[in-house]
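A.B. asks: Residue numbers (this note's numbering), protein chains in the order written: chain X, 1 to 305; chain A, 1 to 305.
Incorrect hints may appear among the rest.
The list treats identical chains as interchangeable, and a pair is accepted whether it falls inside one copy or across any two copies.
Unchecked claim - Straight line, CA to CA, 27 Å or less: simulated BS3-like cross-link-like pairs of lysine-lysine:
#, residue 1, residue 2
1, K181, K144
2, K289, K299
3, K250, K126
4, K181, K71
5, K279, K181
Hints were generated in silico from the structure; no laboratory data involved.
Since the model is a prediction, treat every value here as computed from it, not as a measurement.
There are 2 protein chains.
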Amino acid sequence: MGGDFAPEATTLGAILAKKELGSSVELVLLGDESEIVKILEREGENKSDFTIIHTDQVIEMGEHPARALSKNPNSSISVGFELLRRKEIDGFGSAGNSGAMLVGSMLTVKPVPGVIRPCILSALPKEDGSEGIILDVGINADCKPDVLNQFALLGSLYAQNVCGIENPKVGLLNIGEESEKGNLLTQATYYLMNKTKEFNFIGNVEGRDIFGSKADVIVCDGFTGNVVLKEAEAFYSLIARRGLLDDYFKRFNYENYGGTPVLGVNAPVMIGHGISSPKAIKNLLCLTKEIVHSNLSDKIKEAFV
Amino acid sequence: MGGDFAPEATTLGAILAKKELGSSVELVLLGDESEIVKILEREGENKSDFTIIHTDQVIEMGEHPARALSKNPNSSISVGFELLRRKEIDGFGSAGNSGAMLVGSMLTVKPVPGVIRPCILSALPKEDGSEGIILDVGINADCKPDVLNQFALLGSLYAQNVCGIENPKVGLLNIGEESEKGNLLTQATYYLMNKTKEFNFIGNVEGRDIFGSKADVIVCDGFTGNVVLKEAEAFYSLIARRGLLDDYFKRFNYENYGGTPVLGVNAPVMIGHGISSPKAIKNLLCLTKEIVHSNLSDKIKEAFV
Chain X
1 MGGDFAPEAT
11 TLGAILAKKE
21 LGSSVELVLL
31 GDESEIVKIL
41 EREGENKSDF
51 TIIHTDQVIE
61 MGEHPARALS
71 KNPNSSISVG
81 FELLRRKEID
91 GFGSAGNSGA
101 MLVGSMLTVK
111 PVPGVIRPCI
121 LSALPKEDGS
131 EGIILDVGIN
141 ADCKPDVLNQ
151 FALLGSLYAQ
161 NVCGIENPKV
171 GLLNIGEESE
181 KGNLLTQATY
191 YLMNKTKEFN
201 FIGNVEGRDI
211 FGSKADVIVC
221 DGFTGNVVLK
231 EAEAFYSLIA
241 RRGLLDDYFK
251 RFNYENYGGT
261 PVLGVNAPVM
271 IGHGISSPKA
281 IKNLLCLTKE
291 IVHSNLSDKI
301 KEAFV
Chain A
1 MGGDFAPEAT
11 TLGAILAKKE
21 LGSSVELVLL
31 GDESEIVKIL
41 EREGENKSDF
51 TIIHTDQVIE
61 MGEHPARALS
71 KNPNSSISVG
81 FELLRRKEID
91 GFGSAGNSGA
101 MLVGSMLTVK
111 PVPGVIRPCI
121 LSALPKEDGS
131 EGIILDVGIN
141 ADCKPDVLNQ
151 FALLGSLYAQ
161 NVCGIENPKV
171 GLLNIGEESE
181 KGNLLTQATY
191 YLMNKTKEFN
201 FIGNVEGRDI
211 FGSKADVIVC
221 DGFTGNVVLK
231 EAEAFYSLIA
241 RRGLLDDYFK
251 RFNYENYGGT
261 PVLGVNAPVM
271 IGHGISSPKA
281 IKNLLCLTKE
291 IVHSNLSDKI
301 KEAFV
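Build out the structure end to end from the sequences listed, making use of the hints.
C.D. replies: Now the structure itself:
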């Protein structure tokens, strides 16, 4: 039931995902059963291809996350987290109220012991054809150096296990290349990162390096990351509106990624864009499957022991 | 002598500026007189159209700013600041060592009384055809709320007096529209800005609003602003490299602006890009003239009394 166009876009997205993922993946749809069945039948789908769990409450986009969760124990978001906690599902995604998705991650699934702050990421389409990530992109507006250092490890594990990048190059987003450049946060973080053996720190990267090959994982506080992400969205919109999208710039379409994992919690949680289209939902589900199969959560637990 | 291609690019830029500005502006060239004269003669220019002041020291790009200034009193940068301090020139620009330009601004020309931290800005080409600014873009990596509040006033005065925007809309760069969004810095700054009568505060703007019509002046700390600026440069390069520059994206070429003023010091100081071409130098000089004619420094002094 999550997202601006649910359950239409979510159900259509699940149908697309089923076609792509095949029968080895069980897709569990949480929401108003009669509405879901109506869409499946209209599309000529066999409803027995999906596991449908009826929920009769909906958390609206504007609601206060924690209050909404406790007030709506039978919403698709609340039920999803409960199933994930009980390990009845392997991963859970929603394009609904992202605050509620975060609060649910923290309260139900809980951070991996040792992780100070879970975070979210965005894919970065690189001009060389590869794909990098940037994190955090919005849930930790104020960070300490040790938190950024953990983001680096979380991002490195994600890049390695989900994106398949061997020994990912980790860069610290800064305003100069030299070690002494930056604000108090990045200066102190550079010092920490430079001593670590836990990931492959390649030094500072600048705004101009974001889409280049210098780093696979770019680390920053959630304030800076959110501004970077939204500026990239602004450019994507400008380029699209002016009819200049080529194959490279098309890769900036959020639909290709579908959403971001909440990194650093005990089980795979995926947050989709509120405006998710069927294609975006499909890709969110496919990415969830990749993350489940990568055993990322276990790898993170091992790294943070 | 400042910039990667001086004195060739700077002298050619001065020739272009002379053509555009005419005889009402006296262009004073600081540098190796014989080299400058050689270029002027080669280009068929009349050297008496320019005032040439010979300097025989050069501050290199990599030198430590404060040391370089004291060690090289007869460099073009040192002499320029001295002339500006003595009011023998009305404005001073260089594409040389930008650290030395900043230190010279602070030590020789000095901040306007009341201004806690001078700052630098970047022009923002808006899709609606207008032009906005963002500040600070790099010299104040860590800021306090009262400093951001002053940037807003400085930017508003610049937009009004130099860009000719009546009652400029000032936005605070943040990661959400609502007043309670953001990091500790922007939350506290919002509170300050929201009470002010000194400029037209329109609230928070996000990364996606940077090139839109919501705000004429976008205020942020120098760390965030530098990342925003360099990300825009990255997109400009990508778009250019892919052969997709249209009339709008062409406006992102740094050559169109030439440089940034140091806002909040007692006289017009302009810092150019190290890689400045003749066109960039020409536009730097033309913008310097605009700023001198706008009496911006006096307007700032009045506002900060």
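A.B. asks: Evaluate each hint against the coordinates.
C.D. replies: Now for the hints, and whether the structure bears them out:
1. K181 - K144: both (17 Å within a copy, 19 Å between copies)
2. K289 - K299: Within one copy, since 16 Å is at most 27 Å while 61 Å is not.
3. K250 - K126: both (12 Å within a copy, 22 Å between copies)
4. K181 - K71: So K181 and K71 pass the 27 Å test across copies only (24 Å; inside, 48 Å).
5. K279 - K181: Answer is neither; intra-copy 42 Å and inter-copy 30 Å both fail.
Hint 5 from the list above is the single one not met by this structure.
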